[in-house]
Amino acid sequence: MPSLVLDRVSKRFGGIDAVSNVSIEIPESCITGLIGPNGAGKTTVVNLITGMHNLTSGQILLGDIDIGRAPAHETARSGVSRTFQNIRLLAEASVLDNVVAGFHRLESSSLISGIFGFATSLRESRTFRERGRELLARFKMERFVDHPAGCLSYGHQRRVEMMRALAMEPKILLLDEPVAGMNDVEAYELGDIFCELALSGIGLLLIEHNIRFVTKLCEHVHVLDAGKIISSGSPAHVMHDPAVVAAYLGTA
Amino acid sequence: MMDFLRDYHPLFDFFLLNVGFAFSQQIVLRAGVFSVATVGFAGLGAYCSAIMVKNYGFGEIPALLCSMALGMVVGFLLSLPLARVRGVYQAIATLAFVQIVVALVRHFEGLTGGALGIDRIPRLIDTWQLLAIVGVVVYIIYAIGKSGVGRAFDTVRQDETVGIALGISIRRYHTLAFVLSGAIGGLFGGMQALTVYVIEPGLYGFNSMVTILTFIVVGGRGSVLGPIIGTAVIVALPEISRPLAEYRQMVLGALIVVMINYLPNGLYDSLILLVRQRRAVRLDKQAKEKVNAVACA
Numbered sequence: 001m002p003s004l005v006l007d008r009v010s011k012r013f014g015g016i017d018a019v020s021n022v023s024i025e026i027p028e029s030c031i032t033g034l035i036g037p038n039g040a041g042k043t044t045v046v047n048l049i050t051g052m053h054n055l056t057s058g059q060i061l062l063g064d065i066d067i068g069r070a071p072a073h074e075t076a077r078s079g080v081s082r083t084f085q086n087i088r089l090l091a092e093a094s095v096l097d098n099v100v101a102g103f104h105r106l107e108s109s110s111l112i113s114g115i116f117g118f119a120t121s122l123r124e125s126r127t128f129r130e131r132g133r134e135l136l137a138r139f140k141m142e143r144f145v146d147h148p149a150g151c152l153s154y155g156h157q158r159r160v161e162m163m164r165a166l167a168m169e170p171k172i173l174l175l176d177e178p179v180a181g182m183n184d185v186e187a188y189e190l191g192d193i194f195c196e197l198a199l200s201g202i203g204l205l206l207i208e209h210n211i212r213f214v215t216k217l218c219e220h221v222h223v224l225d226a227g228k229i230i231s232s233g234s235p236a237h238v239m240h241d242p243a244v245v246a247a248y249l250g251t252a
Numbered sequence: 253m254m255d256f257l258r259d260y261h262p263l264f265d266f267f268l269l270n271v272g273f274a275f276s277q278q279i280v281l282r283a284g285v286f287s288v289a290t291v292g293f294a295g296l297g298a299y300c301s302a303i304m305v306k307n308y309g310f311g312e313i314p315a316l317l318c319s320m321a322l323g324m325v326v327g328f329l330l331s332l333p334l335a336r337v338r339g340v341y342q343a344i345a346t347l348a349f350v351q352i353v354v355a356l357v358r359h360f361e362g363l364t365g366g367a368l369g370i371d372r373i374p375r376l377i378d379t380w381q382l383l384a385i386v387g388v389v390v391y392i393i394y395a396i397g398k399s400g401v402g403r404a405f406d407t408v409r410q411d412e413t414v415g416i417a418l419g420i421s422i423r424r425y426h427t428l429a430f431v432l433s434g435a436i437g438g439l440f441g442g443m444q445a446l447t448v449y450v451i452e453p454g455l456y457g458f459n460s461m462v463t464i465l466t467f468i469v470v471g472g473r474g475s476v477l478g479p480i481i482g483t484a485v486i487v488a489l490p491e492i493s494r495p496l497a498e499y500r501q502m503v504l505g506a507l508i509v510v511m512i513n514y515l516p517n518g519l520y521d522s523l524i525l526l527v528r529q530r531r532a533v534r535l536d537k538q539a540k541e542k543v544n545a546v547a548c549a
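Here the protein sequences line up with chains A and B, keeping their order.
Residue 155 in my numbering sits at position 155 of the first sequence, and the numbers go up by one each step.
Just so we're on the same page, my numbering is the position in the second sequence counted from 1, plus 252.
Don't take each hint at face value.
[To be verified] Just the calculated beta-carbon pair ranges, DEER-fashion:
(1) A:Thr120 - B:Leu332: 45 to 53 Å
(2) B:Leu332 - A:Ser110: 14 to 22 Å
(3) B:Lys540 - A:Tyr188: 23 to 31 Å
(4) B:Val388 - A:Ser110: 18 to 26 Å
(5) A:Thr120 - B:Val388: 16 to 24 Å
(6) A:Gly117 - B:Leu263: 57 to 65 Å
Everything labelled a hint here was simulated from the structure, so no lab data went into it.
Where a beta carbon is used, it is the ideal one built from N, C-alpha and C, also for glycine.
Chain B on its own, in the form it takes in the complex:
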């Protein structure tokens, strides 16, 4: 048992970090914002924590708080121009943001180590702390989902015009989604830096962006469990199918195409939808039988 834990705990850390990124991605998609900026927030958060801890000797708590705050501020700034555009334009603009973060990291070599990255970052966060913070984020996402804010996100995503007619300020909720996504992305970026010893710009590039999107596409965006399931599947996939590990990106791409075509709501949300439809049909049948029984009597 202990051997198993020792062998797999880096994988478990990796899974927990990615669950955080998945939530950062989910919250924007839930509000109908097609942002892929999560990996950019994560990059900023990671470098912020790494530099603060390694160069300036800060502890993990101030470093992580700064990473989170940085994510929030950048999320807010991004929302200023991007709350005006929609859909694919938001995707393109946030993709540009991700590239800018990578370019800046490569450029300021003195601070960030350029393409080589930062190594020998002390590991200040252990698996339990990671698990605790994921727990807190799960609670927050759940609480938001159950509150009026979650309902407003759902309404805006499905039909903006209806949202406006019901008194929802689209701009306000899109901004809120960006800020929340930035906060979660920055925080988990910081935790990544303080868990994995080495960070480099490649971690925060296009591949990671696609991977994070896949978590949501596979799991589903409508619930708390969706992103967790999606992340578990994607993280476990190369472990289960070692021979395919080299073709990871290809497998991911194929998986996205298959999911979008056949299960566009993701594994978990499709299941929920199916259960709900079944129940509706059953209740309908019961009601009709009752009416018939009354009519016959």
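Chain A on its own, in the form it takes in the complex:
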């Protein structure tokens, strides 16, 4: 699977440099961490990668292809998947339907085949539902299959969002604070799943506030502050970097 490379990426909103000259690599089969204080620009980086915001300058490469200026849905189709910091589920739909929506990228049926090849499109839908159930089993959520997604608890909603992102069979998975609001047991359960995903070849970008969680999972961590990368390297290196300590705790 290809890796994702951000090359001197910048984004200006009016007069504010939300992200400036950020270069990050998200290699395959690896969990890369991105941490930083509130307002550092972490979510903006995700929005730039997914094409929700347009780049001001720089480029974003998925393998050899520049996806920096592709429309957002094209970027998603090329295999970049994400979860949202503020959970976004289809509240009216059931848990399974939410997950099945994630298979859109893999769908072969069009309008015409939906109408004239009804049997084929039904078969495809059934396959997706089966695979959706498998994902639910993996996240220990089988008993919520038919629950309306809006009625679930916070932690469970996060899982549904993750399952939906995984249904896309992504090459790159961007996780925007995936364990926010979870207790340690729940968080580390998910952490195990992230490690499995990395082993299966996916490149993960983990954005987190929970520094302990990041240091445990990531081989490589980038620290963002005020739109700039102030430190990169192994978790141990980054944690002792004076610049990082200053950004998090302030200087005396």
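Position chain B against the provided structure of chain A, taking the given hints into account.
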């Protein structure tokens, strides 16, 4: 029995035609497009079929095909500027489209008969044919609902950002919704012209637009049965309550307000939602009891 049929078959025709309009309205709402253009498509389709049959002697099949094609083309053209705007702006713009259709019909008197409309249109479509075509449209709506296109419509309606993140091109699906709505609206407009003998611009104005919206508000937009139930209720309402017939628009308005406040998903969809929630609660209970039983043992 036969007397009953003879008395009520115009009402049944009227019901079937309106089921078609309801589907045309439903498909755009399902995709999250707040278009009220259905009645405009219907007007174009009706005049197209009426003029072709009466002035140029075409049969019903080419006339209806042209009505449908006209609806599709106009739907596509409308989608070009309107796929960029959302919500209430789409509603206002499509309302303007409806007014433009009525104004054009009134203006080109030579072709359309102006405010007097076109009369003595031969009745080429009987109730059975109408029923058959409604059947085909029901199947199409059902098949679309079960396919990936239906899932994409549902996703886009509930959250566009999620749709984009899953690789759905919003523009493409909004355009598709407009084209489908235009096709169904145009087709049923054409069938209306070939069933009711007389058409006039008033049939395709503001009142009809509100009525068609009511079908969906009352029935629900998420399923195939919703629009049928909504249409049945609204069509039957003045028949059941003859004394209120004069205040029809007022009753409709009040009904919309009540429905939106108390059953925003419509009759049928609310019922489905209730059943689903009940079942979820029951399953949850069962699962918990099982866990308790294991723990106690």
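Numbered hints the structure breaks, given as an ascending list:
As far as the earlier hints go, 1, 6 are violated by this structure, in ascending order.
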